[in-house]
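S.K.: Now for the letters of each chain:
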Amino acid sequence: MTGSFPAAMLLKSLPEISLVILAGLVLLLSLVWKKRPPQALTWITIAGLMLCLLLALLFALPVKGPYLIWGGLLKIDVLSFLFRMIFLTGAALTVLISVERQPSQGQGEYLALLITSVFGMCLMAASADILMLYLAIEITAMPLFILAAFQFRQKKSAEAGLKYFLYGAMTSTVMVFGFSLLFGISGQTGYSAIAAALEPDRLPVSLTAGIFMLVLVGFLFKVSAAPFHFWAPDVYEGAPTPIAGFLSTASKAAGFAALLRILQEVFRASPELRFGLLAAAAVASMLIGNFLALRQKNLKRLLAYSSIAQAGYILVGAAVGTPLGASGAIYYLIAYLVTNLAAFGAVAVVSSNTGSDQIAAFSGLNRRNAALALVLGAALLSLGGVPVFAGFFGKFLVFASAVQAGAVWLAVIGVLNAVVGLYYYLNLLKVMYLDPVPEGSGPLTVVFPWKAALLVCAAGILVLGFIYRPWYHWADLAAQMLLLH
Amino acid sequence: MSPAVIIFIVLALVAVACAVAMLVSKNAVYSALFLVLNFATIGVIYLMLGAPFIAVAQITVYAGAIMVLFLFVIMLLGGENLRLGEPLRGQRLIGLIFGAVLLAEIVLLLIFRSGMDQMVGTLTIDTSPAALGLEMFNKYSLPFEVTSLVLLVAVIGAVILTRVDPIRRPGKPDQDRKDQSGRQA
Amino acid sequence: MQTLLHPLVLTTFFPLVGVAALLLVRPGSARASRWIALLTALITFGLSLWVLAAFQRGSADLQMAVNLPWLTIAGVEIRFFMAVDGLSILMVLLTAFLVPLAVLSTWTAVQEKVRGFMIAFLLLETGMLGVFLAQDLVLFYVFWEFTLIPMYFLIGIWGGERRVYAAVKFFLYTMAGSVLMLLALLFIGWQAGTFSLPELVAARGIFAGAQIWLFLAFGLAFAIKVPMWPLHSWLPDAHVEAPTAGSVILAGVLLKMGAYGFLRFNLPLFPQATKLLAPWMAAIGVVGILYGALVAYRQKDMKKLVAYSSVSHLGFVVLGIFALNQESVAGSILQMVNHGLSTGALFLIVGYLYERLHTRQMSAFGGVWKAAPLLGSVSLVVALSSMGLPGLNGFIGEFTILAGAFNSALPAARWLAGAATIGVILAAVYLLHWFEKIFLGPALKDEVKDMKDLHWREGFIIAPMLVLIFWIGLYPQPFFDLINPTVSRLLGLLP
Chain A
1 MTGSFPAAML LKSLPEISLV ILAGLVLLLS LVWKKRPPQA LTWITIAGLM LCLLLALLFA
61 LPVKGPYLIW GGLLKIDVLS FLFRMIFLTG AALTVLISVE RQPSQGQGEY LALLITSVFG
121 MCLMAASADI LMLYLAIEIT AMPLFILAAF QFRQKKSAEA GLKYFLYGAM TSTVMVFGFS
181 LLFGISGQTG YSAIAAALEP DRLPVSLTAG IFMLVLVGFL FKVSAAPFHF WAPDVYEGAP
241 TPIAGFLSTA SKAAGFAALL RILQEVFRAS PELRFGLLAA AAVASMLIGN FLALRQKNLK
301 RLLAYSSIAQ AGYILVGAAV GTPLGASGAI YYLIAYLVTN LAAFGAVAVV SSNTGSDQIA
361 AFSGLNRRNA ALALVLGAAL LSLGGVPVFA GFFGKFLVFA SAVQAGAVWL AVIGVLNAVV
421 GLYYYLNLLK VMYLDPVPEG SGPLTVVFPW KAALLVCAAG ILVLGFIYRP WYHWADLAAQ
481 MLLLH
Chain B
1001 MSPAVIIFIV LALVAVACAV AMLVSKNAVY SALFLVLNFA TIGVIYLMLG APFIAVAQIT
1061 VYAGAIMVLF LFVIMLLGGE NLRLGEPLRG QRLIGLIFGA VLLAEIVLLL IFRSGMDQMV
1121 GTLTIDTSPA ALGLEMFNKY SLPFEVTSLV LLVAVIGAVI LTRVDPIRRP GKPDQDRKDQ
1181 SGRQA
Chain C
2001 MQTLLHPLVL TTFFPLVGVA ALLLVRPGSA RASRWIALLT ALITFGLSLW VLAAFQRGSA
2061 DLQMAVNLPW LTIAGVEIRF FMAVDGLSIL MVLLTAFLVP LAVLSTWTAV QEKVRGFMIA
2121 FLLLETGMLG VFLAQDLVLF YVFWEFTLIP MYFLIGIWGG ERRVYAAVKF FLYTMAGSVL
2181 MLLALLFIGW QAGTFSLPEL VAARGIFAGA QIWLFLAFGL AFAIKVPMWP LHSWLPDAHV
2241 EAPTAGSVIL AGVLLKMGAY GFLRFNLPLF PQATKLLAPW MAAIGVVGIL YGALVAYRQK
2301 DMKKLVAYSS VSHLGFVVLG IFALNQESVA GSILQMVNHG LSTGALFLIV GYLYERLHTR
2361 QMSAFGGVWK AAPLLGSVSL VVALSSMGLP GLNGFIGEFT ILAGAFNSAL PAARWLAGAA
2421 TIGVILAAVY LLHWFEKIFL GPALKDEVKD MKDLHWREGF IIAPMLVLIF WIGLYPQPFF
2481 DLINPTVSRL LGLLP
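Residue numbers (the numbering used here), protein chains in the order written: chain A, 1 to 485; chain B, 1001 to 1185; chain C, 2001 to 2495.
Any given hint could be a false lead.
What the hints assert, rightly or not - Derived lysine to any residue pairs resembling SDA-like cross-links, with alpha carbons at most 25 Å apart:
(1) A/LYS430 with C/GLU2161
(2) A/LYS430 with C/VAL2467
(3) A/LYS156 with B/ALA1158
(4) A/LYS451 with C/VAL2019
(5) A/LYS297 with A/VAL463
(6) B/LYS1139 with A/LEU61
(7) A/LYS430 with C/VAL2019
(8) A/LYS34 with B/LEU1109
(9) A/LYS430 with C/LYS2113
These aren't lab readings, by the way, just hints derived from the structure by calculation.
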């Protein structure tokens, strides 16, 4: 296919292109502008991310029908548009939380890598081709490997980066093997062509199941779902806290975006297979995540296990395969973004002040900084799925979709797990509000960027807890459009 | 027996022998060199299968770049003198068992290949380097560019993760004392 | 804008205005917080009286409905649908009546973080009012769950020694019940294509096949809330550890949500299951009556005694509901109000005693009458009301329930009614036992001798409750007028 790059296509890709330019710019500035004010790069990055958001709104709005660009590699629809917003917002919040009280070296690289990862995530959400998807996964994951190990002088961080890298490499290898089989049976790399080859009765079920399992490995890793969740606790604990927050929200969202798309566009002919495997993964994730979180003493590890459980809930929505399930998963991810970033932001504040992210360090947080305790409390209640916080409606939709599809047993397991989850969230609330303040701890310094980030997240948690319609409308549109290949 | 089959048998024997030798050899450098030979024979097999580009890629990238890197690292770390030890016991046994299982699976698949013929896609892809190049720069130009970005990220990562903190110039007050290796005091 | 001025919306959400005002107050100013909260609660009560004034007695319909589209999920509408009828009007009034009294009771009892306390309390009021007024299942669920949060904080922060344990137990126990209710309501919503209660009742044939499961799923949540034996173990801990105002509201209103739920949802939506399971539910209610009474008698801690008396009294309500005839159901609704008044007053008195001697152990008291005769006489009236002495409110409720149960279509109805009547006797036993231990006999301890009598503020709080206790006891007809039409329509829905 020869030809020039049509302007319309470039316009639609303008946000992604500007992300790459932004990454380069930040890197360049960090090398050239030595005498800059300490937070200059942070604010430039945020301005750049917001500009990309604006460009997306101006130029890259989705259109009614399926719209493929770059020779069928990327699809512009509501799903990719919505998730792009999620990634950009998540990155901006992460950048805000990453501000350190004393600027350290490598800030330019840190930000550039983060932006590159966001670029990859946008590609992941829009991929309509397995080769593009694989590369998008690589470009998303590679900076995250490095970012997880960023504080490599500390053993835990180096361990986190190494574990994430090894696990990621291994699972993506398995997934690529699955992709190669997909290519083998269809001779094409585009989703629609592969879907045609996977039509029922053209292949033995065992083969389709085998390929699906191989491909699923990579996705389950990316969203930290069982049985490929083992990396999460160690990586979340060791990685710098903002990166852990970013991993648990935006990276997970990217994985789910790609998963939802591939489920609907490639494996649409095998609903029972999809349901069976994903439901099993969902149940395992919920059980493992919730029950292992009960014993944790380190807040970041607890949030990691909680994150595994949350992935389980979202998988329920993905497993069901109905538009309601997909929209529920998407709404959940939006709510989860602000919720978890609030939680990790609070952890970042406390660990930056006290040097510890053990649960004991949060003792009596209410007395040391009431606003921070309130934000973290709201995040915990949202994670637990209590009205009127954001997480409630996400869980509501997901379980509603399970009931609607007739999989009531799955919903029962889900709601019972939600109650178990509440136990450790309530325990954290108790530690914050009722336990005595540790000896010799003073007031907490909260620099402005942290305040801004936590405020935005808290507002998000409340708004998404009361006002459902606009977000649900978008999520529903995205889910509906998935069905019109 | 046609010449192709004879060549294949020879190459296959060489490949398997090199692989076994790689596993069994006590010297890391010898192992690496056996692996190079193994890769080279696989490359020739690819050539026989009619995939010239993959064959050349195999030899230049795998046997060339990657294995040379292996050798560098082994020699830097003094790997030729490593003792044979197993921190986790029973790895060999498990490895042998899994290998046997894999072998059994392959054999079974070969014997019972029902329904597999219909799965073989009728690929009419031109595998010559020219065709590959056209595809890469036309249809897959975006992934290609993204790949370059991946490489850039890898370079940045390598630089960051191995950086040494700069030595302070004399005359500047030391805020935090750092020793030569860059570790914070 | 028009919606905001709708009486039901205004009544439910006005406490949030108070919350907003409290947020503007400085954290340390306790006085301002108390007055703002009291004012808000009183205005809310006034609004509820407005609702009462506009309420048409004699009509069994849903009145003053506000029904706005909210969200449409997969083709099924969730609406913001609130309305009042004979079943909910008394609950709304009870709630709006008890909240200002409870706020007043904290004047000296709560000294720390008063602003936070008041915020939690007002949020709780909104939640409770919403529960009673919601006619859309999802809206109901949101309000239902929402009440857990402020109550958790009220118990957990301002409570007694084992408050954390009690608060967590309360939250998790209640939530575990409600999540199954969520799934059940989702199921019937999808089946019937709507979440609005009147439409669901009309369409109940669609999910009639699964109604036993649905009845149990909804019933579990309500049974935990009532609380019905054997799911009651969270209540004594929650009551004991909660601050006085919290206990008053917990006993007065929150527990009623369970019984209300049975009447509002289980009976109309799952008629055959109700008929089938009614004997069992009534029997469990009777077990609760007797169990609660027997265990109450053995308690040494006053608050625990009153807590178990709640279990016992609400057993009557359950019996009344599941006897499924006009008398018993109307009686049980009235008894819900009565229990709110009597047990609420009992908790207040226990609170007053605690404030004086800082202990809840009955053995620390004795002969209080001598030092505080006014307190003693008020307590006597309240205890008699709780026992069901004719002339006071408790009698009316219990009598109608027992008469209805006796004449009901339940198998072994007479046995059940007979056993329940024994519960009345047992109530007298433990309440008089309590009264005797606290108030009668010689005043041996110095602290008791120096005890202050009823303070004017304390009396001011109890007085309205006493007025109602006598009013309902002597002239209950107006209350029954509010209840009866709705009850007869409700029972008409059953086979």
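S.K.: Does each hint fit the structure? Answer for all of them.
M.R.: Now the hints, each set against the structure:
Of the pairs offered as hints, the one joining A/LYS430 and C/GLU2161 holds, with about 14 Å between alpha carbons and a cut-off of 25 Å not exceeded. Taken as a hint, the A/LYS430 and C/VAL2467 pair is broken in the structure, with Cα atoms around 40 Å apart against an allowance of 25 Å. About 18 Å separates the Cα atoms of A/LYS156 and B/ALA1158, which keeps this hinted pair within 25 Å; it holds. Distance check on the hinted pair: A/LYS451 and C/VAL2019 sit about 23 Å apart at the alpha-carbon level, within 25 Å; holds.
In summary, the hint linking A/LYS297 to A/VAL463 is not supported, as the alpha carbons are separated by about 31 Å, beyond the 25 Å threshold. Note on B/LYS1139 and A/LEU61: the hinted pairing holds, with a Cα-Cα distance of about 24 Å set against a maximum of 25 Å. With a C-alpha separation of about 23 Å, the suggested pair A/LYS430 and C/VAL2019 falls inside the 25 Å cut-off, and the hint holds. The straight-line distance between the Cα atoms of A/LYS34 and B/LEU1109 is roughly 63 Å, outside the 25 Å bound, and the hint therefore fails.
Of the supplied pair hints, the one linking A/LYS430 and C/LYS2113 holds, its CA atoms being roughly 16 Å apart against a limit of 25 Å.
Of the hints listed earlier, those the structure fails to meet are numbers 2, 5, 8, in rising order.
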